[in-house]
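Take the two lone chains, each set in its own frame, and fit them into one complex as the hints suggest.
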Amino acid sequence: MTHLTHDQLSAVLDHALKGRAAADAERHLLECATCRDALAALAAQETELRPALTHDPGDAYFERFAERVEDRIRAEAARGAARARAPWWSSPRALAWAGAAAALIGGAGLVLMTGREVRPPSLRDREIADRLGQEAKLPFATRSGARAKSAPAREDRLGAPAPTAAPAPVPAPADRKTRATGDRLAEPQREEQRQFITGNERVLARDQHAAQPNRANEIRTSTGGEPVPVGRRAGFANPPAATAPEAGAAAPEGATLDRVRKKVGPAPMQALKDEAAKQATSDAAPAPVAARNVTPAPVAAQNAAPAPVAAQNAPAAPSPPVTARREAAAALAGGEPAGEGRLCGAVLDAQGRPVAGAAVVIDDVARVATPDARGGFCVNAPPGEHPLSVMAVGFAEARQSVEVGAQESSLRVTLAAVPALESRGPTWGVVKSLYDGAPPRAGGAFSAGGPPDPYAAEPDSVQRDVRLARRLEATGTSRRSAAMFDAAAGRWAHALDVVAGGPLDLDARRHLADARFRAWEIAPNAARVAAAAEAISVYVAKAPAGADRDEAARRLERLRH
Amino acid sequence: MSQALRRNPSGGGPDDAELVRAAQGGDAPAFTEIVRRYQHSVHRVAWALTRNDGDADDVAQETFVRAWRALGRFRVGEPLYPWLARIATNLAFSMFRSRKRRPETPLEPLLEAGRQWGVEDDPAERVAAGERSQHLQRAFAELKPEHQTILALRVVEEQSYEAIAETLGVPIGTVMSRLSRARAELKTRLAARTGEGT
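Protein sequence lines correspond, in order, to chains L and Z.
When the letters of the first sequence are read in order and numbered with my numbering, they come out as residues 17 to 577.
When the letters of the second sequence are read in order and numbered with my numbering, they come out as residues 130 to 327.
Hint data in this document are derived by calculation from the structure and do not stem from the laboratory.
Take the hints with a grain of salt, since some may be wrong.
As the list claims (entries may be wrong) - Keeping only pairs whose Cα atoms sit at most 20 Å apart, straight-line, the calculated EDC-like set for lysine to aspartate or glutamate is:
hint, chain 1, residue 1, chain 2, residue 2
1, Z, Lys-316, L, Asp-30
2, L, Lys-34, L, Asp-23
3, Z, Lys-316, L, Asp-23
4, L, Lys-34, Z, Glu-275
5, Z, Lys-316, L, Glu-62
6, Z, Lys-316, Z, Glu-275
7, Z, Lys-273, L, Asp-23
8, L, Lys-558, L, Asp-523
9, Z, Lys-316, L, Glu-64
10, Z, Lys-273, Z, Glu-286
11, Z, Lys-273, L, Glu-62
12, Z, Lys-316, L, Asp-53
13, L, Lys-558, L, Glu-573
14, Z, Lys-273, Z, Glu-207
15, L, Lys-558, L, Asp-521
16, Z, Lys-273, Z, Glu-314
17, Z, Lys-316, Z, Glu-271
18, L, Lys-558, L, Asp-513
19, L, Lys-34, Z, Glu-287
Only chain Z is shown next, with the shape it has when bound in the complex (with noise of 0.2 Å):
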């Protein structure tokens, strides 16, 4: 990283102006830096998306190399995680479009840490986790991109709404209601799913 980025104050580096400003002047370390800042919260949102390694990876990568074409346009001062999720959720959905298919139906979460073969926890009830996560990840794939992105934001990354609705580019009273719709859609669908009553 170049000798003229100021640490941030706070202590956790230069901050995202200063990075976005050295990378478009030709930093390229710069830009690593970021990469490095946001991979975690574009994989996370990535995978919400696509609930699929190879292609949460493929996403996820290709976020970064999108930003590192558009960087030159991008407005310092500008907060960057909204820009990114938003080219990631961009690139989800095109790429589902293009194959003409949603998602492959996940299978990772299942094998979160602890929960690999031989950790002795209850059978009978992983599977039922598993068999309600499996029912909630089709029913959340049912839904309207609109509806997955927002969902994804907001229960995933735990955006607030003033975030989103940068991210998305709709008014926050928008993404309340969207937010409400998503969320009764889900349900619907899972009952559907599980039997359940509405």
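Isolated chain L (complex conformation) (with noise of 0.2 Å):
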């Protein structure tokens, strides 16, 4: 019995045999029993795989999608616009086409200047001439075939008669002294002299090393893919040694921190603090731990409307070992996990759905979490009351007193909306109709008034990021929390993973390199001058001259210093 291909079964599967195939593999199936456990196999992988390829982000996401593209939309515009009214030198793109193009140009002179053969005078001088139709007949044993074969044509510019057998080199300095003793040369004194040759080409390379220009301006690319600055003084480009053993020795998975060392290599240490995170809650598993209640703290919004943040029991908080993420954070923090109390717990909103992408942070002993996709994270620190404050963009900030003791703790934390914070300024809030009338075959689609938000064509999920790093340095410029400059730096780092090598490149990596700054300014520990060294590196090595690059420069010898 012949059975059914795959690509029969396939489409039997999908219904889309017709006629006569259809019937024959109906026919067959009917009577082979191993093609029909193979039609159900295929059929139960796909039931399988729908679910595992699908998730509903739930309508409140849809209600204002269809806004948020007006909104791209819009911002694109209005940089279109700004763009075709600027000067073309205004525009970094343009100002490198035409450096090229004057580039091209200059080398295309000094070839054609350089390049042209012109023909010196006939040598009168007769004693020359003589030496060099001598020369013309000595064998000279060191004589390098390039020579011998150039040697031809430089004599023939000089008007000297051409070697009919042997043609003769220019020798070298040091080859002259060769000639005099004689034109056999014992193999060893060659060797000696090759030697010697050798060796002044070394001092020569060493000192043409030694006279290059400071390179620390020079970057180059690590193996996960983000600029490095080279040439920088030890002590200041390597990461903190002490990040990935430890991440590696206490992630839930031996092997999820090898693969994050290996994508991330030696690079930065914010590189392999995301990485981390993002690995370790692929791992994360609930586990039931003791709940207890945490008062809740009525909280000031930014905006200056009280949000009252709940904080319930938690009968069955999650604890996703974030292990990765929270030794990451103790190394920015120089703090040391073994001895520690564990705090774990979730964010959530007022539906219960879980807040991805807050800020958790324990203000005291600056340490900070980011809770994963389910909302949950967990934090150390030492056992006794600390403050803790958890931030997320359009919520109001909760602060509240918790107590880590020597066992696991856990809180669930309910952050209250703050519809104010949604809106976006005067800027944004003036548009009425969203199109504007505007038809794309205008050319210019959508118009907008005012200048617009640098970040607002960006994707949302960096919008995100720089709002809450906004909202992050705010907080930890008016407490002083170093906690909050690191959490507002990973943010920064996290929203120049997408904006990287785009117009707002430069800008981001200021943020970052200004935010990693001032929490080593805070708080100065190894790993916070490793990561603002090389955060303000790479931005100074960017960056065009101007007062900005000035200060970043100062920041980096204060660092050094």
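Following this line, the structure appears as structure tokens:
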């Protein structure tokens, strides 16, 4: 019996066979148990695959989706209009093209000028001509093939008669001495001579290398694809050595962290932290932990609208082991997790949905955790009572006192939404009509009034990161909290993942460098020095000359001394 | 929406061709209606290919932004969805190419409604289902982009072979054979992960 092919089974599964082919396949399946089993297995795989590839973000997501698309289009239109108004030299790309064209023209001119053959006047000095003639007759032991080939042409240019058998080179200074002692040079002497020349070349190369300008402003690309400065002083550029091994040792699965290390390589701490966090969440499993009461603390949002934040009993609070993230944060904070208590919990909104991407900060010991997609987080802290802050874009900041014991503690934080935070200020608020009637064919499409936010045309994920980073910076400034700036830097680095190489690349790098530096300024430790030096070095390498770059360079000097 | 737009006789609002024509003529709310009409489908394709909320959101939004830019070149009367789905799939894979990595390990399926913490279902069953789902997603992520795309369109969007052929710009015979290869490849990779016989 000839079984159905995989193509046929696949088509049967989709009811895609027609007419006689369908009837034949159906008849065969009635008779053949093997093919029926194969079809059943295919159908089962399909059934499992569908939910694995499906996710419903909920009605709330789609309610504002069209509006967000409109915002994007309008912001792009505004940016395009601004570009059109600006003179051509204000565009870095246009400048780069102009520079490249100028370099090409200059290079071509140089080649034309230097490549033209100029015949010098004939040598009239009989003595020199005679010497050249004698040299042409001398076989030279150490002559290289290349020299031998180049010699006739040179002699021809000099007007001397061309040799007929052995073309003579124009000897190098070292060669002259050899020739003076005779034309047959012993092999050891020739070897010694070669070594002498090679040694001179080495010295020359070393001198040239030493004469190179400081390479602090050069960058290379790390294995993680992130630009990393080269030529930095030891101790600044390298990421903190303790971070990766610690994270690897404490991770739920060694293989996971190995993967993280492989992906990130020896490069930036932030990349390691982010990657470790992402990987760690994939292995997270809910673990029942002892619940305890925490007292809710009313907090004031940035717009001065007080919003109560309820922290409730958490009978089944999740505690995914976000170990890698915690360790990375601990490394930044200079803390040592050993012997400390652990606080795990979940950050949820008023409807009980997880709030991913919030920042959970234990202020006094500068520990930061970022809840995963389930809203779960874990953070280490010394036993005792600590002030805890939880912040997320679109929610009022939650502040409360938590007690960390020797045993693992758990809490659930419910964040209250702050609708006022969703409004985007007067610049965007004035636009009433979404499209202002501009058709796509009109070339401009959407129009907008006022200067646009530079990040308004970026994807929502970037805008969320930037908004949260700014809030964290504001809070970090008011409370002088290094942990807040660490968290803000994390957000900028995350945003940079998307905007890198684009028009906002430099702006995001400047903010990242600033946040790193300010974290170090408030609570210096080795990890913060390294992180700040790296971020600032990259910024300095990429930034155009100006006040910002000068300030960054000054900061770099401060870090180094 | 402009008054000029006629309602669809089926009662579902103006048809796509009218919306496209209106949007091309400058009726911007018509484009908003197109977005609303296809946002779920486009997001489903985006999520199936990225398996990550943030990336899916970016891809879905960008799909409509690109569609707006190119709407002037769209031929009225052609089906809209295959065009949008093609933009979404191209965007998803160009995003991964530019990042030089594949989508993150997916988490969200485990968070489907009713499966959050505190729900009283069998924890062992939940863990087993979660593991199986993770294996499937990882096996899926290892497939070639063309195989991922065709499976997403067929399995998630349940598109017909004809619609898939239009979306991908390939003959129906190619759709059939590519789907078959994609399923076979997925089965092999899943078996390699779970240790089950092929």
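Hint-by-hint comparison with the structure:
no., hint, in the structure
1, Z/Lys-316 with L/Asp-30, "holds, 17 Å"
2, L/Lys-34 with L/Asp-23, "holds, 14 Å"
3, Z/Lys-316 with L/Asp-23, "holds, 14 Å"
4, L/Lys-34 with Z/Glu-275, "violated, 25 Å"
5, Z/Lys-316 with L/Glu-62, "holds, 10 Å"
6, Z/Lys-316 with Z/Glu-275, "holds, 16 Å"
7, Z/Lys-273 with L/Asp-23, "holds, 18 Å"
8, L/Lys-558 with L/Asp-523, "holds, 11 Å"
9, Z/Lys-316 with L/Glu-64, "holds, 12 Å"
10, Z/Lys-273 with Z/Glu-286, "holds, 19 Å"
11, Z/Lys-273 with L/Glu-62, "holds, 18 Å"
12, Z/Lys-316 with L/Asp-53, "holds, 14 Å"
13, L/Lys-558 with L/Glu-573, "holds, 17 Å"
14, Z/Lys-273 with Z/Glu-207, "violated, 28 Å"
15, L/Lys-558 with L/Asp-521, "holds, 9 Å"
16, Z/Lys-273 with Z/Glu-314, "holds, 9 Å"
17, Z/Lys-316 with Z/Glu-271, "holds, 12 Å"
18, L/Lys-558 with L/Asp-513, "holds, 16 Å"
19, L/Lys-34 with Z/Glu-287, "holds, 18 Å"
Checked against the numbered hints listed earlier, the structure breaks hints 4, 14; every other hint is satisfied.
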